[in-house]
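A.B. asks: Spelled out, the chains give:
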Amino acid sequence: MPELTRRTALTATAALAAGAVAAPRAAAEDHHHASPDSFDEVYRGRRIQGRSTGGHHGGYRVTVDGVELHVMRNADGTWISVVSHYDPVPTRRAAARAAVDELQGARLLPFPAN
Amino acid sequence: MTVRKNQATLTADEKRRFVAAVLELKRSGRYDAFVTTHNGFIMADTDNGERTGHRSPSFLPWHRRFLLDFEQALQSVDASVTLPYWDWSTDRTPRASLWGPDFLGGTGHSRDGRVMDGPFAADTGNWPINVRVDGRTYLRRALGDGVRELPTPGEVESVLSMATYDMPPWNSASDGFRNHLEGWRGVNLHNRVHVWVGGQMATGVSPNDPVFWLHHAYVDKLWARWQRRHPDSRYVPAAGTPQVVDLDETMRPWNDVRPADLLDHTRHYTFDTA
Ligand SMILES: [Cu+2]
Ligand SMILES: [Cu+2]
Numbered sequence: 001m002p003e004l005t006r007r008t009a010l011t012a013t014a015a016l017a018a019g020a021v022a023a024p025r026a027a028a029e030d031h032h033h034a035s036p037d038s039f040d041e042v043y044r045g046r047r048i049q050g051r052s053t054g055g056h057h058g059g060y061r062v063t064v065d066g067v068e069l070h071v072m073r074n075a076d077g078t079w080i081s082v083v084s085h086y087d088p089v090p091t092r093r094a095a096a097r098a099a100v101d102e103l104q105g106a107r108l109l110p111f112p113a114n
Numbered sequence: 001m002t003v004r005k006n007q008a009t010l011t012a013d014e015k016r017r018f019v020a021a022v023l024e025l026k027r028s029g030r031y032d033a034f035v036t037t038h039n040g041f042i043m044a045d046t047d048n049g050e051r052t053g054h055r056s057p058s059f060l061p062w063h064r065r066f067l068l069d070f071e072q073a074l075q076s077v078d079a080s081v082t083l084p085y086w087d088w089s090t091d092r093t094p095r096a097s098l099w100g101p102d103f104l105g106g107t108g109h110s111r112d113g114r115v116m117d118g119p120f121a122a123d124t125g126n127w128p129i130n131v132r133v134d135g136r137t138y139l140r141r142a143l144g145d146g147v148r149e150l151p152t153p154g155e156v157e158s159v160l161s162m163a164t165y166d167m168p169p170w171n172s173a174s175d176g177f178r179n180h181l182e183g184w185r186g187v188n189l190h191n192r193v194h195v196w197v198g199g200q201m202a203t204g205v206s207p208n209d210p211v212f213w214l215h216h217a218y219v220d221k222l223w224a225r226w227q228r229r230h231p232d233s234r235y236v237p238a239a240g241t242p243q244v245v246d247l248d249e250t251m252r253p254w255n256d257v258r259p260a261d262l263l264d265h266t267r268h269y270t271f272d273t274a
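From first to last, the protein sequence lines are chains A and B.
Letter by letter, the first sequence follows residues 1 to 114 of the working numbering.
Letter by letter, the second sequence follows residues 1 to 274 of the working numbering.
Certain hints may be false.
Unchecked claim - Across the chosen pairs, the derived CB separations fall in these ranges: (1) A/110 to B/257: 49 to 55 Å; (2) A/76 to B/148: 19 to 25 Å; (3) A/67 to B/30: 27 to 33 Å; (4) A/47 to B/257: 44 to 50 Å; (5) B/254 to A/110: 24 to 30 Å; (6) B/101 to A/67: 34 to 40 Å; (7) B/149 to A/67: 30 to 36 Å; (8) B/126 to A/47: 51 to 57 Å; (9) A/110 to B/229: 32 to 38 Å; (10) A/91 to B/116: 34 to 40 Å; (11) B/152 to A/53: 42 to 48 Å.
Stated by the list, open to error - Here are a few chain A residues that sit away from chain B, every Cβ distance over 10 Å (derived from the structure): (12) 42; (13) 61; (14) 106.
No lab work stands behind these hints, which were simulated from the structure alone.
Cβ coordinates follow ideal geometry from the N, Cα and C atoms, glycine included.
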């Protein structure tokens, strides 16, 4: 198996990010709505959040600085997002962090873009 | 007759004409429609829902037809142009002539991934990224950053040796040739190449990078090689599979073409070598 390295660009962009280290926020005030897999943190200067949106359809929303990131679950439980579509990672939080790495500070566009 | 050639063997004139035809499709707006179509399918194809372009048996015929559309568009600009293919198991470094300034240009700047040379560099003004998922309007690449190595000839061989085209559950969890070629399982061929190129090629709007077509032309050639290697193996499933395109079902977005119509590439083009 090839070694799947995390992006080496990480080191290059770390200097640009306001906070290079992931800093988990205190659990949101509406913790009674939070599912076990929800998250809310500042990762490399960007706020990433994931939470269930309720409803009977099991909706879930991942955002980067408040803009929704399109994510998708693979049959084996891994995740991808529209900005990293060929490189599965274990969790939605990992997909959000991979998106921040890929964006290198750029803003995400609401989807469907254009 | 259309002959698809290895990109490494193209003459200077063939490269020039290919680039000029691509740039003309971009200028006229026709290019971006291909990007939009691809992103629409990649966001909609899901493992447990309807799936057509990706993570399903029709990954190969869908991209074959998509590339035929694009090649015909190129030929409407310059009838001498055909799609070259990139054998990434052989031309496997950023120093390959593919990435030269006379063809696709090289990797991106380390700070922001911006491609700085070649006909598709943002500075030319000829290659705006319009169909995009983030604010950046310039072509980006990070050759070899997201994953260090492109697939080897031995890894390609190990996938070509799989005799079964595809298997239930007909998605990213499947065993068999299609899913190993697509890369959701095993040594990972097609997906890994997208990740190796990086930039827009690693995203749903991957056709923003012209190397998309050369990558998929080689994936398509591997399908043809697999067919010759396994003459008794067939496209499956044959019929009655919910959410999945069976052999004789039509495929979106065309709705007038079935996998069965696309199994024989020689009706449309041949390759320079076997
Ligand atoms: Cu595709
Ligand atoms: Cu692809």
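A.B. asks: It remains to establish, for every hint, whether it holds in the given structure.
C.D. replies: Here is how each hint holds up against the structure:
no.: 1; hint: A/110 to B/257: 49 to 55 Å; in the structure: 33 Å, violated
no.: 2; hint: A/76 to B/148: 19 to 25 Å; in the structure: 23 Å, holds
no.: 3; hint: A/67 to B/30: 27 to 33 Å; in the structure: 29 Å, holds
no.: 4; hint: A/47 to B/257: 44 to 50 Å; in the structure: 45 Å, holds
no.: 5; hint: B/254 to A/110: 24 to 30 Å; in the structure: 29 Å, holds
no.: 6; hint: B/101 to A/67: 34 to 40 Å; in the structure: 36 Å, holds
no.: 7; hint: B/149 to A/67: 30 to 36 Å; in the structure: 34 Å, holds
no.: 8; hint: B/126 to A/47: 51 to 57 Å; in the structure: 36 Å, violated
no.: 9; hint: A/110 to B/229: 32 to 38 Å; in the structure: 46 Å, violated
no.: 10; hint: A/91 to B/116: 34 to 40 Å; in the structure: 35 Å, holds
no.: 11; hint: B/152 to A/53: 42 to 48 Å; in the structure: 44 Å, holds
no.: 12; hint: 42; in the structure: 19 Å, holds
no.: 13; hint: 61; in the structure: 15 Å, holds
no.: 14; hint: 106; in the structure: 5 Å, violated
Hints 1, 8, 9 and 14 from the earlier list are contradicted by this structure; the remaining hints agree with it.
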